[in-house]
Amino acid sequence: MKHNDFFNSVFDVVKLIPKGRVTSYGAIATYLGAKKSSRTVGYAMNASHSIPGIPAHRVVNRFGMLTGKIHFDTPYRMQELLESEGIRIEKDIIVNFDELFWDPTFELEL
DNA sequence: ACGCTGACGTAAC
DNA sequence: AGTTACGCCAGCG
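Going by this note's numbering, the first sequence opens with residue 48, and the numbers climb by one from there.
Please note that a few of the clues may not be correct.
[Claimed, not checked] Simulated restraints on C-beta separations: (1) LYS66 / PHE153: 16 to 22 Å; (2) ASN55 / PRO122: 26 to 32 Å; (3) VAL142 / HIS118: 19 to 25 Å; (4) TYR90 / ASP150: 16 to 22 Å; (5) LYS66 / ALA94: 19 to 25 Å; (6) ASP139 / ASN55: 26 to 32 Å; (7) TYR123 / GLY67: 17 to 23 Å.
Bear in mind the hints are in silico, worked out from the structure with no lab data behind them.
Built from N, CA and C at the ideal position, the CB exists for glycine as well.
Assemble the whole structure, with the sequences as input and the hints as a guide.
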């Protein structure tokens with residue numbers, strides 16, 4: 048886990064997100080040991096656009112809000128993808144987010 | 001080459 | 001307790 052590997056690590060973690068589950072940028076950043084880099088985590092997702100297999104729609108902010116939906120092909124794509132996995136969304140906010148939250152630090156434990 | 005911005009989150013005032 | 005500012009790092013103007 049170095050500088051450039053940050054992106055790579057983020058992608059790896061996102062790929063590990065189980066279907067029907069979601070996580071937050073901060074959770075990934077914390078898992079990588081740089082909770083302050085949460086912003087960069089989201090930015091890494093931006094780069095994931097060129098990388099298939101990255102369920103970026105499963106990554107939301109700390110409040111469970113689909114903040115990155117705008118960066119998808121269509122703003123509704125993210126919500127539809129999540130709903131397709133059984134996740135309910137209301138006003139761009141994941142319902143039962145606490146229940147669906149998948150924390151890599153807890154699930155993967157370092 | 002330099003600086004601002006951006007899918008966030010936390011600390012400080 | 002609400003608001004403002006900053007940190008992180010890389011892409012882009």
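Against the structure, the hints come out as follows:
1. LYS66 / PHE153: 16 to 22 Å: Holds, since LYS66 and PHE153 (Cβ atoms, about 18 Å apart) stay within the stated range.
2. ASN55 / PRO122: 26 to 32 Å: holds (28 Å)
3. VAL142 / HIS118: 19 to 25 Å: holds (22 Å)
4. TYR90 / ASP150: 16 to 22 Å: 21 Å Cβ-Cβ, so the 16 to 22 Å window holds.
5. LYS66 / ALA94: 19 to 25 Å: Once the Cβ atoms are compared, 23 Å apart, the range 19 to 25 Å for ALA94 and LYS66 holds.
6. ASP139 / ASN55: 26 to 32 Å: holds (29 Å)
7. TYR123 / GLY67: 17 to 23 Å: holds (19 Å)
The structure is consistent with each of the numbered hints, conforming to all of them.
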